[in-house]
Structure formats: structure tokens, C-alpha cells
Amino acid sequence: MTEAVEFNVNGVRRQVDDGTTPLLLALRGDLELRGTRHGCATGNCGACTVLVDGQAMTSCITPTEAVSGRNIETIEALGDDTIGRTLLRSFMTEQAGQCGYCVAGILVEAKALLANNGAPSRAEIAAVLDGHLCRCGSHHRILNAIERAAGELSEGQTS
Amino acid sequence: MSTTAASPSLTDNPLCSAWLDFSADGRVTLKTAKVEIGQGILTALVQIAADELDISPDRFDVISGHTRLGPVEAGTSSSLSIEVTGKAVRHAASASRKLLLDEAATLLQAETSTLSIVDGTVYVSGRDSSLTVWTLARTVNLNQPAMEFSSPKNPSARRLIGTSMARIDLQAKAASSAFIQDRVEDGMRHGRVVQPPSGLRRLTAFDADALAAQFPDVTIVRDGSIIGVIAATEALAIRAIEAASQLVTWSEPESPPQDILGALGELDAPPEIVTDTGDVSAASGTKFSLTVTKPYTAHASIAPSCAIATWTGENKLQVISHTQSPHGLADGLGVVFGLDGPRDVTVIHKPGAGTFGHSGQDDAALDAALLAKAVPGVPVRVLWSRADDFQASPMGPAMVVHTEGTLDDNGRISALTIESRSQPHARRPGRGGFAEMTNAALLDPPLPVPVPVDVPPLRGGGADRNATPLYAIENVHVQKRILADWPVRTSALRGLGAYANIYALEALMDDMADAAGQCPVAFRVAHLNDKRAAHVIEQAAEMAGWPGPAVDGEALGIGFSQYKNKSAYSAIVVHVRLDDEVRLLNAYAAVDCGEAINPDGIRNQIEGSIIQAASWTLKEAVNIDGDRIATNGWDNYPILKFSEVPSIKVELVDRPELPPLGVGETAIGPTGAAIGNAVKRVLGLRLAHLPLTRDAIQAAINA
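Listed in order, the protein sequences are those of chains A and B.
If you're matching positions, the first sequence starts at 110 in the numbering used here and goes up one per residue.
If you're matching positions, the second sequence starts at 26 in the numbering used here and goes up one per residue.
Just so you know, the hints here were simulated from the structure itself, not pulled from any lab data.
A quick note: this is a predicted structure, and the numbers were derived from the prediction, not measured.
Just so you know, not all the hints are guaranteed correct.
Covered, in the sense of this in silico footprint (three residues per stretch, anywhere, with C-beta under 8 Å from a C-beta of chain A), are these stretches of chain B [stated by the list, open to error]:
#1 391–402
#2 478–487
Label-pair restraints from in silico Cβ distances [as the list claims (entries may be wrong)]:
#3 B:P512 with A:R122: 50 to 60 Å
#4 A:E112 with B:Q271: 20 to 30 Å
#5 A:A228 with B:A182: 38 to 48 Å
#6 A:E112 with B:T274: 48 to 58 Å
#7 A:D126 with B:D604: 24 to 34 Å
Glycine included, C-beta positions come from ideal geometry on N, C-alpha and C.
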């Protein structure tokens, strides 16, 4: 066991006792934030995506000690800003999901994408989402939803 | 919805009260054993009940897949939830409405015909009577057979049916902790099991002392060849099980199996005749033949299988599971633990990530129950690893489908034969009084493993599903041969044999159309007496602008089927581009599922099954190494990515006067077939060995 690690999660200072614990397990276990999805635990499916200082990362292969002192944003904070709220609304408008398991990681990824690029092309969105797997085949709707959100944000139809 | 044909679920649970409960004021509880796997079934069932009762869908709560609190129904399979449970719910709602309004009529001294319901409140001749279904339900006996009182609304009187009501569960799943994987029970601990490499191997050595020394805070469980750990945290359970897997030794199998496709090719099991019409041997004309092969395929659910088990009181077991067969799982666990399944085992369904038949959900439940037995009263959660989920879940069977056709001088098919070979397509828990879970056979003492049997034709068939063509052909012979004795476990995966059978059948249709110099669309229509079938084929062709682009390296291809020859009709046209691999540009679907309960939900299912079938067709194959499954992660089981999915257009043929038909599987077979047919039109070669990877295309070109 290594030393304790401190970092910010959704704006709150948090501590995890064992810095070798993967960030995913620390979030879901120690910190009881279970909206971040446990998928493959090998960094391949994107379900566990969180933002670290605004950058999308797969939390399952990120040791907690690697994010010491940094700012983590999880799906629980999606509604804290306009981009996140617009995305969630767009996903519901498009009914972009079936089982819904992959959606949380995709929403977090899309939030980072739209924060950096207000008008991504469909191909750009798809390329960013290639790190995310969806088994039910909701890809088409998910792409539509992100395009819709980008459009609404650029037109100022935000909440 | 037809009011005459029986719903097996309603026959087994005839009373209104089995399906609906009005005891909470202002709320209605709808009960079903069918479960949500992402297909939107709970939303559609609420829509049906709400429409029939004239109560807002917002007032509904759903109990789904709870073996103690809901009706006893078959599992969620075969696209039957709308056809069977939808019908039961409609009748139960209609009968409840009648019983409640009859009581209102008595109380109000009014004719029942003058009464209506507005969001649960009874109106007399359009005026609020102040009676509600909830006050009435306190005295009305709803323990009465629904069929005696049911008289469902005319289609024209329905308000919610045919509207795209949003999913009742999706927002919670998108952005909060709604899955079984997220559940925490009081005092819950975390378990994992070292999954045996195959059912042929036994544990020969395990250094428990070394594991205990390294993990003093972990409870170690052993039963026969099953080794497991229970820990306070998930992180600790994972570390302990990874260490344990290095401290076990497995026996070598005496005779590991050979290549499955070779074994199926040489299979001499007696054929089971499925269809035998006319005399195929007497037909004369030009002969065509094709042998299609399909590898093992995986559910490849995004979340690994999970379960939480607790042993309570006097030998009672409670299991929270994302099983698709809650009652079957209770039966199977009863067999394993010597309990009366329905009485002593309670299974409570909570949703997981999408599964498409029988994946590892039930096996994870057994693992959790085995571990929890070591710590009575303590809930033990088991979450498999990604590798466990690929290697310990049952798979979709590999198949060999051989088909022959005869084309007469007038360009009509005079004879068609199909033989489908595979392992069985359903080995669900509890079947026939057996546990039917791999690890049950590795306990001490081991539980018996039954000889697996395929799904019978009356239940839609397994290997033979959709092997019988819907086309009007005078002489048809369809048979299947089942490889029962084979150590790699297979079970139900979306569409069962329909996927490979339709690929083969529709490929032969195109080959014969080409040889006859006919358009594949017209050729199909000319061989159909079923107008609904012909309609979707023509509609999909029109949507796609058939015959499509005169662009080098691009083509359209078509595939069609009526799922199980009795459910929804689907015609799919795909537009592909071939460079060094197959690229899907567009997909067009025309679907006739009778009365469309929720059009957007149906479109979502069709879009999803097009993408999933495209992924199977272009990419997916489980690798087998002797008796072991070598596939262990997304690196070696790639599925279709966001940048690879086609643009999709779906059109529904709404027929509100006809019974609603399930749509979860209808597009699977036609999509694979359409891709195969499009590739042939570009390449001039028939690709018969799935999946159609870059290597497979190169091999076909070089052959």
C-alpha cells in the first residue's frame, strides 16, 4: 500500500488511502460515486471515462496516484454546466441509447469535445468516440445527439 | 392485438391482479417477469396498460423480473415480450377497467356506457364523479380472470399506442447509478471466482496457504474445482483473485476438441426434418449450391456479468441478477443447492448492460451464491472481469449451413434444400430439472450435465430458425443436425440460427436471380405470395434507390426475412464500398411489425440490430484454442466502431389493426445477408465464410 492521495472530484477535495488503486475503483468504491461505469478495466471500452483537468481519460487504467492534486470531473457533475445539461437533454431528445451503459462515458467525452470544439463535424465526433464501445448499436443516435447539442450551443438555445 | 389467440403468460397467470395493482393511491404497479435489456420493453408495456386504462403513464411503477412479486413467465427471449406479455397486459388492463367501471356504475347509479376515465378519475357523461380507480380498487375484486372481462379498445380509440413515448428508464441509466453493477447492499462484500479454463479441466492443486498468507483479510472459498475469494473492497477482491489464479493448477483434457467447423462438416448425427414439401429430388433445372460457415460469436456485453447473493434465515437464497430468465435461474440455483427453487430462491432482476439472450448473467449468479454460502447473512457481490465474460459465458454457436436450389427454365425456383448444423442454441438454467451452469458441474460433488438439445421448431427452432424459406417454392426440404457432445458451451444469442440461415438462403436467392438474369428485388417478389413480405422488400428497395449507384467499388445488396416465419417482416438494403475492406455507407430498413406500439422504440431496435449484425458480419469471431476460449478482451474481439457505422434510415409499415410483433431480432438476419449480397455485387465473388474481414476478402480473391 502506498501513501494517501488527495485530489479534487467535482470541485470537492477528496482523499484516497491507497494511491495504487485504479481511479475507477477509488471513485466507485472509496468515494461512492458510482455513475462512472466499470467496463473492461483494460482501457479499451471507454465506459469509465472521466475528465482530468478537462482531458478525457479512462479511469480504469489510471492509478489514483497519477491524479494527485488534479481536478477530476465525473458524470455526476455533468449537469453543473451548460454543455453538460445541453448534452443530456439532446441525448434524451434523440433517445440516444438502449441499455445505456456506455452513455455516461460518452457524455463525459462529448463534454470535453464540445468544450474545445464548438462545431465538430460528424466525422470528428465519430473519431473521438472511437475510444468508446457501444454494443446495442445506438451509435447513429449518439452521433445525432452530439450534433444536436453542438448546434443548440452555437445557437444559444441553452439551459 | 388479436383477442382470440392465447397468450401463454396470461394462461399461466389469468387474474387481473397478477399484472396490475392499484393499492397505492394515485399509482399503478405493472408486474411482469420480462426484463429490460435496453429494448424498451417496460416502456412499451406501460404504454399498453396506460392506454387501455386511460391513466397517465407517469403514474406507473414497474415490478420486473421479481420471482416472488410478479407473474411466472418464460424468460425474455425470442422477441416475444410484446406478442405474449403485451397481450396479457392489455387484457388485464381492459378487464380491470371494466371491473372498476362496473362498480362505479353501481355507486353512481349510471350506465357503464356513460362512464369514462381521465387519468384515473371516473367521469360520468363527461363530468368528474370524484370517484377514482384507486378508491374503487379498495372494494373491487381484481382476483378475477382477465379474459372473462376483457374487451380491449378499438385501434382508433387508442391514444398512446403508436406514439413515441420516451423510455421511462433511459435518463437514470445515462447519468446516474442505475445498474446492478452500481448496487450496494448493507454490509455487502466483494467476491470473485477463478473461472476454470474449460468444463473439461479439473483443479489439481491450489496453494491456499500461500494465498492466505498474502491476503490475510480475504475469505477463501473452495468447492470442488471452484476457488473464490471474498473481500471488503472490490479492489482487494481483484488483487486476491489475480494472485489466486497464479496458485492453481488445472488438469489437461484427455482429448481436446478439434476445429468446430471441421467437426460440423463431418457430423453424422441423424437429421431432424423441419420441413418437407413436395419432392426436391424430382425437380429439374439448373442446380446451385452454397455452404456458409459462421464462427462462434460472443454477446460481448459492455459490462461484465454481475450478481449479488445473500443466504438468509433457514436456507433461503436471495439473488439480485441481470438474468433474462429470473424463474429459470431460481430453478437452476434450486437444483445446485438442493432447494425448492420457486419456494426457497428469490431472484430479483436489476438491469445490466445489454445482453442478447443467454450470456454469463446466470453463471455469475451461481458464483455469487456459492461464495455467499460461506458467509451467511452477508450479501456477496460478484463482478466478473472482462476476460471472464468472454471466456465463461455461453457463446452463439458456430454453424455450417448447406443450401441447394434448382432454377427451372422459366427462371423460377423449383426446389430448395437447406441443412443447418450447429451445437444447440439454448442451454438456459433450470431447463429440464438441471442446473445448466458450467461451474455447477465442477463442484464437489458435481452436478450432472444434461445432453443439450436444440430449440424445437414449435418454439421457433434453434439451428433451424428461419431455415425454411418464406418464398413460394413447390419442393422444399429443410433439416438440421445437432452436435450435442462438444465441450465448448453454446446458448441463445440474438436470432439463434436465423442469422446464418438467412445469410445462406438470401445468398442463394441472389445467386439464382443473377443466373436467371433477373433483378434480385423482382426475383424475390415474384416468389412471394405474402403481400406484407413483398411490400417491405419493395419499400426498402425504393428507399435505397435500387439498383443504386453506378460507382466503381460500390453496390447495394438486399436481404429479407419474416422472423421465425411468423413474426415481424424486415427487408434491409445496404450500400457498401469495397476497398481493401468492406465499408458500410448506408443502410435502409423497411419493417412491418403489425401494430406499432412505440415507433421510435422500434426504430431504435432496428437501428441497433443493423449495427450489431453488421459488426458480426464484418468483424466478429471468437478464437478457440483446444478446449479453451482464447478471446479475452476487446483487443482480440473488435466490434464495429463509431467511425464505421453506416447512416441508417428505417421506415415502419404501421398496421394498427393487426397484432403487434416483436422487433428485437427481425433485422439481424437480413442485415448480414444484405452485406454479403452487396459484397458479391462489387466483387463478383460469393463470400461464404463469415466474418467478411479484410483477410477473408483477400483469401476469396486469391482462391
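Hint by hint, here is what the structure shows:
1. 391–402: Per the Cβ count (0), the hint is violated.
2. 478–487: violated (count 0)
3. B:P512 with A:R122: 50 to 60 Å: For B:P512 and A:R122 the Cβ distance comes to about 54 Å; the hint holds.
4. A:E112 with B:Q271: 20 to 30 Å: 27 Å, holds
5. A:A228 with B:A182: 38 to 48 Å: 47 Å, holds
6. A:E112 with B:T274: 48 to 58 Å: At 37 Å between Cβs, range violated.
7. A:D126 with B:D604: 24 to 34 Å: Given a distance of about 53 Å, which is not inside 24 to 34 Å, the answer is violated.
The structure is inconsistent with the numbered hints 1, 2, 6 and 7, although it conforms to all the rest.
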